[in-house]
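Construct all of the structure, not just a fragment, from the sequences and the given hints.
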Amino acid sequence: MDLIGGGAKNYTDFLKFLGDKKPQIGGSPFQINFKYNLPNSNDNLQLFQIDAKVCNDSDPQFACACSDCPQVCPELEKLPSRKSCKISNISCTSFIILVSYFSLLLTYLIITTFLKFQNKKKNSSQWLTDDNDVEVEIEDEYVSGRGGGVEYQTDILEGRSNISLSSHPTLNLQSLRPRKTYIVNNYLEKCFYNIGYFCSKHSTYVLTVGIFSIMVLSSFVYYIRFETNPVNLWVSPTAKAYIEKQKFDESFKPFYRTQQIILSNSTGGSILQDYEAIEWWFEKEKQIRKLPANVMIDGVVEEVTYDDICFKPLEDTCVLESFTQYFDGEISKLPEKTWENQIVKCSKSPVECLPSFQQPLKSNLLFGGSKGEDVLSSRAIIVTLLNNNDNDVESDQVIRASAWENELEEFLLINVTAEAKQLGINLSFMTEVSLEKELNKSTNTDIRIVVISYIIMFAYASYALSMLQHGARQISFINASFITPFGKVSGNNILLKFLAKSRFGLGLVGIFIVLFSVFSSMGFWSFLGLKSTLIIAEVIPFLILAVGVDNIFLICNEFEHVDELTVTSSLSLHEKIGKTMANIGPSIVLSSLCQFLCFILGSFVDMPAVKNFSLYISVAIVFNTLLQITVFISVLSLDKMRIDSGRLDLLPFIKVEADSISLPIDSEDGELNLGLSQILSETNASGSGPFQLFMKTKYIPFIFKKEVRNFLIFAFLAVFGISLSLIPNMELGLDQRIALPSDSYMVNYFNDVYEYLDVGPPIYFVVEDLNVTSITNQKKLCGKFTTCEPYSLVNIVEQEYKRSNQSTISEPVSSWIDDFLMWLNPELIDCCRVKKKAPDLIFCDPYAPPRQCETCYENKEWSYRMDGFPEGPDFMTYFNEWIDAPSYPCPLGGKAPYANSVYVQNNTIKRHAFRTSHAPLRSQKDFINAYHNSLRIIDEIKENNREIDVYAYSPFYIYFVQYEDIKKLTFSLIGIGLLLVGFVSLFLLGSLRNSLVFILNLILIISSILGWMVFAGITLNAVSLVNLLICVGLSVEFAVHMFKHFNFNETYINKRERALDSLGYIGTTTLSGIALTKLIGISVLSFTHSKIFRIYYFKMWAGLVVIASVHALVVVPLLLSMIGDNKVFGHSNWSKIATN
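Everything in the sequence shown is counted per the numbering used here, starting at 1 for the first residue and increasing by one.
It is worth saying that the hints were derived from the structure and are not from the lab. Check the hints yourself; a few may be wrong.
Per label pair, the in silico range of CB-to-CB distance [what the hints assert, rightly or not]:
id, residue 1, residue 2, range
1, Asn859, Gly329, 43 to 49 Å
2, Ile414, Glu276, 18 to 24 Å
3, Leu841, Lys286, 44 to 50 Å
4, Glu394, Glu858, 46 to 52 Å
5, Ser774, Glu827, 23 to 29 Å
Heads up, simulated DSBU-like pairs for lysine-lysine below, C-alpha to C-alpha not over 35 Å straight-line [what the hints assert, rightly or not]:
id, residue 1, residue 2
6, Lys835, Lys779
7, Lys348, Lys290
8, Lys784, Lys802
9, Lys437, Lys240
10, Lys1091, Lys968
11, Lys312, Lys895
12, Lys16, Lys895
13, Lys371, Lys9
None of these values were measured; they are calculated from a predicted model. Heads up, the beta-carbon is just placed ideally off N, CA and C, and yes, glycines get one too.
Structure (structure tokens):
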């Protein structure tokens, strides 16, 4: 009624609309005033009386179709209630999980307390009832150092003693029993010993090969290609949604290139208050329509305006959806005295104010934020310009349109926005080219963030590696002399004194290895033709930096432990490097392999952006690990030789004069005979760093106290339960505003869209390969005729519209089949017409005089029962005429509304679409529900019409396909990742129990991260899915080295002692070499311009670092001390240090 009845609400309004004089738009040629009461003076007038028939009358002559009679419409199944169950603002699912979990936990505590009381007198050995004195004795022994050291073992087969490396440089002769070794670990230790020995001995060769390989792989970056098309990023070319979009674009042309402008009152009040502002916008629209853009086509520079590229449904005037078009864009037709009344009139009856393109403009398309139906209270004006599009992105149409859109963007940003502010108007807008440009802008500005992060990591790595040189830090160079190629230099030179102690060269090489592993991965995949993305280019350098530096610290830390043992003085440098790699290499393999498997799992996600990201980062991990166990080992060996020869860091051609330095103040006399190299490289065996001292004397004894331990276990179990209860509340989606730079003008546009736009996106129900020339099939589609199938496509969609409070359909469906068949109605004398008395069927021109023409079915049967309707070739004959017929004088002409809705090939209708609209969608949840709702409607249609091949399409669907099964996919991939990690750890550790504890720790970490995501407002989408897999891999890094040390800890027999020792040995490295490096590597992400990096990378990974660190330093040692394997494996001879 808004379109054909002037917005009438009752019969008197409708009759008034019909009687108003408006001949210019096909209305009454003169004024008709209807009377509703009979005059008493005239007895000759009588009411017309006839027996009324109900619309669902059994007489076919009076029966009505579903579109006119709700009583004959089909009843669709009731939709499930959308109300969510909540108890005190907590979802019922979360509440049940919380109650169930804490009930089980309370029951467990009651049982264990009861058992403790019963077994107290028996001195039970159960972990909850251990005697506190025993624990204190173990802790005191660990702190005093009596329990640690190097354990002598008897090797019966070889008839000699072996010393196994441990965490302390003192000797322990308490246990001489041989340990059973594990064959897999033995093989790995042998391999890594050989690798370390070879890379140290042939460092020049290894460096040459390594650098050459890096340069070759990195050179392939020349072939890199970036994928910037959002569709190609998020949907696989083989995905059903992608194929459906391709079919739609090929059949009906791609969706228009949309430009939209939103004008709102800066005070929050009505935008329609000031005629001056109205007058100003009329002028701006004229300028926009005339705005020129220069573009080169086939070597010739052309000037393009909106009229050259716009969508013209009638091939003469452009579509411009704006309230100004009620008045043909001329302010003279909207006088100041009556402007308010005229706007109200046109908004209520759009057919009285048709624009030049002859399509009524409903008020909800043009105004937003109004109070009810009062258009003058609207807080925003919405203007939409539509440009034609093309499947070929390099076509002349797209090139011209893109050039003009760039000009429009610049014009609005520079000129119009400033003018609008002076009038108290906020202007936000979007052009078709805006999104890609704004995303690229964040990439360009964040390059410096990458550089800064690498500089910071380089500084930290160099400092931390230098701190390993305890002895060198205590040397005084006040009176030292430095020998240079140009003579001696005084020790007063601050730079030379600093370089005598630093290891910047080693740190720099470590950072370059990380960097070139990224370049090598990008070159590798670029050579194979796999496209990169902007996220890959920006995120992987951060991630590899956070992951890759860890191994550098672990290798150097282990080498310092090997080198500081006095018994190793008889070993050559190459043997020390070999022993180092034999000890740390298996841990690196276990960690890197688990990370690789978790990262590669992302390649099974059917989204190119996710798949490519996973492939790039997985190969980067491989290259990084290979370079670290080869090239870095060679550099470490060379750096050690530099130190032994007294040469300076970064300036190896300068040496320290041995006789000119001062030894540490507290040096023993016996140390005066030490050489310079020993002084510079020897670690103070009696000293420890502040972290290690704190861990050993304060932290470890504290957390292993029985009361503290039980409290911590209870606390972490409570966190686990709370996290489980939060997981069901995790929301889905990726807000467009988050993907943009924080200072992007499009952020304001999307804010205004969600607040003001009162119209939803279109939805098309596309039917394929159905013979519509058959009346039987026509009945399966139509809705306006009495013999249409009750559950026809149109009837089902129409019923969905009628329950719009539950469905997301907000407009009646536009049915081309119904309008075409109605066009044949002989009662519509201006519609289908043919030449009179012509021997053959010759259609009349729409404007031909009536005397020459007659209606097509003048002498044929036509009824609402679909009797006599054309079939076969006759159908196509009439259809071809109708699809080219204009909307005037017959409003049912098909050219304007349906020319792009029916795809004809070889005079056969191959594909056709039925159009309607969604309700306004104002959040990611709304978009996800709308897509899900469309799938449900398709299922209803197919269930009742199995012969119809139909799918739903809307421009935004392709971005929301992922959410249909993303929860299932997420937990499936995480589960597979945990299983793979479990199998790898079982294979490399050889202990089922320790592997299960390892997986248990990962489950606790991942559940906490999921809970953190809900708490921090991080939604689940393709980006966070990949990040969760990355979190699984990174979580392995935090704990794997402690599990490895615990599993092969020969120093102790009791698992509690082994857990204490492993925490003391690995804890400081975990904190300084793993947690801090990752935190430094990702902290710079908090300064990026893109919210998607700050939320989905920095926020999520920062949560991971904190959660995984706490679990590694608290939960893991406690779990190992309680339920770890009692069995312990010994090291092979490759990692032991033999003595004669």
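These are the hints, each one checked on the structure:
The supplied range of 43 to 49 Å is met by asparagine 859 and glycine 329, whose beta-carbon atoms lie about 46 Å from each other. Distance hint check: the CB atoms of isoleucine 414 and glutamate 276 are about 22 Å apart, consistent with the given range 18 to 24 Å. Distance hint check: the CB atoms of leucine 841 and lysine 286 are about 47 Å apart, consistent with the given range 44 to 50 Å. A hinted range of 46 to 52 Å holds for the C-beta pair glutamate 394 and glutamate 858, which are about 51 Å apart.
Distance hint check for serine 774 and glutamate 827: the Cβ-Cβ separation is about 25 Å, which falls inside the suggested range of 23 to 29 Å. In summary, the hint linking lysine 835 to lysine 779 is supported, as the alpha carbons are separated by about 30 Å, within the 35 Å threshold. Of the pairs offered as hints, the one joining lysine 348 and lysine 290 holds, with about 30 Å between alpha carbons and a cut-off of 35 Å not exceeded. The straight-line distance between the Cα atoms of lysine 784 and lysine 802 is roughly 16 Å, inside the 35 Å bound, and the hint therefore holds.
The straight-line distance between the Cα atoms of lysine 437 and lysine 240 is roughly 29 Å, inside the 35 Å bound, and the hint therefore holds. Proposed proximity of lysine 1091 and lysine 968 is supported: the alpha carbons are some 26 Å apart, at most 35 Å. A hinted pair counts as satisfied when its Cα atoms are at most 35 Å apart, and lysine 312 with lysine 895 qualifies at roughly 11 Å. In summary, the hint linking lysine 16 to lysine 895 is supported, as the alpha carbons are separated by about 31 Å, within the 35 Å threshold.
The straight-line distance between the Cα atoms of lysine 371 and lysine 9 is roughly 18 Å, inside the 35 Å bound, and the hint therefore holds.
Consistency with the previously given hints is maintained throughout, with no hint failing.
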